[in-house]
Amino acid sequence: MLRCNDYIFAESLEEAYKLNQKKNNVIVGGNGWLKLRKRQWGTVIDLSGLGLDKIDENDEEFRIGAMVCLSDLENHKGLDKYTCGAVKDSLKHIVGTQFRNTVTVGGSIYGRFGFSDVLSIFMAMDSYVELYKGGIVVMSEFAKMPYDRDILVNIIIKKKPLKIGYSSFRNQSTDFPVVTCAVAIGEGRIATVVGARPSKADIRTDSAEALEDINDYAIKTAKSFDYQSNMRASAEYREHIAKVLIKRTVERIINN
Amino acid sequence: MEIKLWINDKLITDNVEPDMPMLEFLRDKGCLSVKRGCETSNCGLCTVWLEGKPVLSCTMPLMRANKKHITTLEGLRKEAAEFGAFLADEGADQCGYCNPGFIMNVLALERDIEDPTDEDIKEYLSGNLCRCTGYTGQFRAVKKYLAHKRSVKADE
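Those protein sequence lines, which keep their order, are chains A and B.
Residue 155 in my numbering is what sits at position 169 of the first sequence, and the numbering runs on without skipping anything.
Position in the second sequence counted from 1, then plus 125, gives you my numbering.
Derived by calculation from the structure, the hints in this document are not laboratory data.
The beta-carbon is built from N, C-alpha and C at its ideal position, and this holds for glycine as well.
Please note that a few of the clues may not be correct.
In silico DSS-like cross-links for lysine-lysine, where the CA-CA straight-line distance does not exceed 30 Å [said to hold, decoys possible]:
| no. | chain 1 | residue 1 | chain 2 | residue 2 |
| --- | --- | --- | --- | --- |
| 1 | B | K192 | A | K40 |
| 2 | B | K193 | A | K24 |
| 3 | A | K144 | A | K74 |
| 4 | A | K63 | B | K178 |
| 5 | A | K24 | A | K9 |
| 6 | A | K4 | B | K274 |
| 7 | A | K74 | B | K274 |
| 8 | B | K193 | B | K274 |
| 9 | B | K268 | B | K247 |
| 10 | B | K178 | A | K24 |
| 11 | B | K269 | A | K4 |
| 12 | A | K63 | B | K160 |
| 13 | A | K74 | B | K269 |
| 14 | B | K247 | A | K40 |
| 15 | A | K186 | A | K8 |
| 16 | B | K129 | A | K40 |
| 17 | A | K4 | B | K193 |
| 18 | A | K40 | B | K274 |
| 19 | A | K67 | B | K178 |
| 20 | B | K160 | B | K192 |
| 21 | B | K192 | B | K203 |
Covered stretches of chain B, as calculated for chain A (at least 3 residues, CB under 8 Å) [as the list claims (entries may be wrong)]:
| no. | region |
| --- | --- |
| 22 | 129 to 136 |
| 23 | 157 to 171 |
| 24 | 183 to 190 |
| 25 | 206 to 216 |
Make the full structure from the sequences, and use the hints.
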């Protein structure tokens, strides 16, 4: 349960940033993960009064506020069209409708969770985070950055001519994924992201020529990631599943 | 902290601890249909509507409901009884513990998706866990209930 001494709706990003410099304070996204922490916080900082719950789309990009809930992302027509349903495919297995109405994209991305479907799909696209102090950072770089006291304000997706696909494997529907896989093909390149290995998502980029033999590409790419075992699956099993997901996702994109 | 909100259209003002969970607050206000089935945002039993949208009251910070409307099963007695009859006719529930959250989400589905496919129904309701059954009775009940509502609407 979320435990705190104070709960403040920040009236500006500057106020939120200042409050967030104290180690005993924390920013709450949708409280899906934070509530599981067994810790008494000083002040919980809420960004929901700052208008960050909107998705703006223009010819060049999508700009997604940190407080947009996962279901708004899932049901956004422009994103659905741009990604040929891949964003929806990445989100629809996450717990349930009520959960996705509650939790935020900012919390999902900031957390850089190993199990994250959200990080996996964003990383495959030409996407960036906008940090209050740190400026704009490429998603795959952000994933590697240490946790600091900055604030994730927006997520930006540049509309590159990409074909995008997403697959995940779960032992049971709505559970955490055993492996996630996002693929983007275009501009002479293929980018494959594999997450939940169970460590956080990582990306491999090759020239499109690598796809001459899809099976070979899937085997080599799956092999290039590191995998570990946990209660959900062994490392060997994960690598095998990753290979299958990469192959299927690539084939689905090419045949679409 | 001062909070002012509507629970089932009744205006409530109160002074609460900053970390008061929405679920406990609603139970304190007499909405005992709102229950905690898990502690990991997974089971869907604590489902309420915030401005008409189904959310998890175990997870959604209470203060975000300030100046907003919450609906619980207590505010939807007539519809809940109507759908409940379909559940009973299909012999869907056994212990019935998961029913309040399930019914809240079925009624949200009915409002959200006009003519849902089987897949839409399963996806929409996948966050409501039932540990007695295999969901097939519930699925039949939802299908028959929605078909019934459609035919009533067509007759009007």
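Against the structure, the hints come out as follows:
no.	hint	result
1	K192/B to K40/A	holds, 20 Å
2	K193/B to K24/A	holds, 29 Å
3	K144/A to K74/A	holds, 18 Å
4	K63/A to K178/B	holds, 19 Å
5	K24/A to K9/A	holds, 15 Å
6	K4/A to K274/B	violated, 53 Å
7	K74/A to K274/B	holds, 28 Å
8	K193/B to K274/B	holds, 29 Å
9	K268/B to K247/B	holds, 11 Å
10	K178/B to K24/A	holds, 28 Å
11	K269/B to K4/A	violated, 55 Å
12	K63/A to K160/B	violated, 34 Å
13	K74/A to K269/B	holds, 28 Å
14	K247/B to K40/A	holds, 28 Å
15	K186/A to K8/A	holds, 27 Å
16	K129/B to K40/A	holds, 25 Å
17	K4/A to K193/B	holds, 28 Å
18	K40/A to K274/B	violated, 34 Å
19	K67/A to K178/B	holds, 24 Å
20	K160/B to K192/B	holds, 23 Å
21	K192/B to K203/B	holds, 26 Å
22	129 to 136	violated (count 0)
23	157 to 171	holds (count 5)
24	183 to 190	holds (count 6)
25	206 to 216	violated (count 0)
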